[in-house]
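All chains should be built: construct the whole structure from the sequences, respecting the hints.
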Amino acid sequence: MYEIQSLLHAELLCGEEYLQNEVYSACCSDMMSDVLAYVKDQGVLLTGLINPQVIRTASMMDMICVVFVRDKAPTEEMVELARECGIVVMCSPMRAYEACGHLYYSGLRGNAGDKHV
Amino acid sequence: MRVTNMSEAIRFHFDVDGENFSSAGEASVMVKKKLRQLGFSPDVMRRVSIAMYEGEINMVIHAHGGTADVIVGEDAIEIILADKGPGIPDINKAMQEGFSTASDNIRALGFGAGMGLPNMKKYTDYMQIDTEIGVGTTITMRVNY
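For the record, the sequence lines run as chains Z and Y.
Quick note on my numbering: the first sequence kicks off at 76 and runs consecutively.
Quick note on my numbering: the second sequence kicks off at 25 and runs consecutively.
Honestly, the hints are just simulated from the structure, not real lab data.
As the structure is a computational prediction, the values presented were derived from the model and not from experiment.
A hint or two may mislead.
Listed below are the simulated DSBU-like cross-link pairs for lysine-lysine, each with C-alpha atoms no more than 30 Å apart in a straight line [to be verified]:
| id | chain 1 | residue 1 | chain 2 | residue 2 |
| --- | --- | --- | --- | --- |
| 1 | Y | LYS58 | Z | LYS115 |
| 2 | Z | LYS115 | Y | LYS57 |
| 3 | Y | LYS57 | Y | LYS146 |
| 4 | Y | LYS145 | Z | LYS115 |
| 5 | Y | LYS108 | Y | LYS145 |
Written out as structure tokens, the structure reads:
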């Protein structure tokens, strides 16, 4: 995940101890309902939504990293919740489309082996 | 949270606060943690916690909260979500993917895509909805393991 942080010029808010872990796919949504319904085995969630349910949703889906785009700043309560859940949280100045583009271009795909990428 | 440990099952009981959206989902996070401590497989943990999380969010959005009970039985985990909300007028409609009565306000919070109930059914092995208009709704789900 070091590469994600560097590609997205992101600030790390918590989970430094997990940064060496590898991730193989990602998804991007502001609708947590859709994340719960459609996501399968993606390790990273990119979103512009700020509320504790973002972290809880990521935790339910066994995701290990949440990137807040457009410099959206999560609350201290959210960061604390992420710490408890063992989730890396980053904040990127990029817009969602741009951030996704950088990650996709660098090899982080939507859903490895799935035709509905 | 109240934990009761009977000879045949472990039961977790939660009161789900309907007035405070920011706490919605807390019980499900707690249940996932407990199931991990009990040594359940990632698949079972994920299915139980997603189904419960969707239900918990629904209770907060539509029914001013309620209660959630999780019973770890011998071969299945049962989740019982009970509320005293308005009830579901048309269950068939509510089970359709994309059908939602949630307000724009709820959508702005990232929920209300009309995937909650279908998702709960998808992730569980059994789901029953008992609902009465003006009285409330009880949803019973089971995940076998």
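Hint by hint, here is what the structure shows:
1. LYS58/Y with LYS115/Z: Answer holds: LYS58/Y to LYS115/Z is near 23 Å, not above 30 Å.
2. LYS115/Z with LYS57/Y: holds (20 Å)
3. LYS57/Y with LYS146/Y: holds (22 Å)
4. LYS145/Y with LYS115/Z: holds (16 Å)
5. LYS108/Y with LYS145/Y: holds (21 Å)
Checked against the numbered hints given earlier, this structure breaks none of them.
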